[in-house]
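Read left to right, the sequence shown gives residues -30 to -1, 1 to 54 (mature numbering (1 follows the signal peptide of the UniProt record, and there is no 0)).
For the record, the hints were derived by calculation from the structure and aren't laboratory data.
Predicted model, so just to flag it, every value in this text is computed and none were measured.
Any given hint might turn out to be false.
Quick list of in silico lysine to aspartate or glutamate cross-link-like pairs, DMTMM-like style, CA-CA up to 25 angstroms [unchecked claim]: (1) LYS45 / ASP13; (2) LYS45 / GLU19; (3) LYS41 / ASP13; (4) LYS45 / ASP24.
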Amino acid sequence: MHRKAATYVTRTTTAAAGAVATAATSVAAAAVAASVIFSPVADASSRLEGVHADLQRAVQLNQITEEQALKFEAKLAGRILGEA
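Could you put the whole structure together from the sequences, leaning on the hints where they help?
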C-alpha cells in the first residue's frame, strides 16, 4: 500500500472512531437527561428535609453561618410550600 493511502486510512479510521465516541456520549447524556425529566417529583416534605440536610452540611463545613442557613431554609420553604 502506498504511504499516502495508509495515512488516509489511518486518519479516516481515527475520525470515524471519534465520531462514534461522540455519538455514544450524546446518547448517554440524553439518557441521563430523560431519567431526570421523567423521574417523579419529590413531595414537599422530602424536598425540605433534603434542603435542611444540605444546609446543615454547609454549616458544618463552615461554608455558611447558622443564621444564613436558617434564613435561606425559610425562604426556600416558602417557595416549596407555595408550589404544593
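* Within 25 angstroms, alpha carbon to alpha carbon, are LYS41 and ASP13? -> holds (22 angstroms)
* Asked: LYS45 and GLU19: Cα distance at most 25 angstroms?
  -> Holds, at about 14 angstroms.
* Measure nothing beyond the straight line between the CA atoms of LYS45 and ASP24; if it is 25 angstroms or shorter, mark the hint as holding. => Holds, at about 15 angstroms.
* To do: With a cut-off of 25 angstroms on the C-alpha distance, tell me whether LYS45 and ASP13 pass.
  => holds (17 angstroms)
The structure fails none of the hints (numbered hints given earlier).
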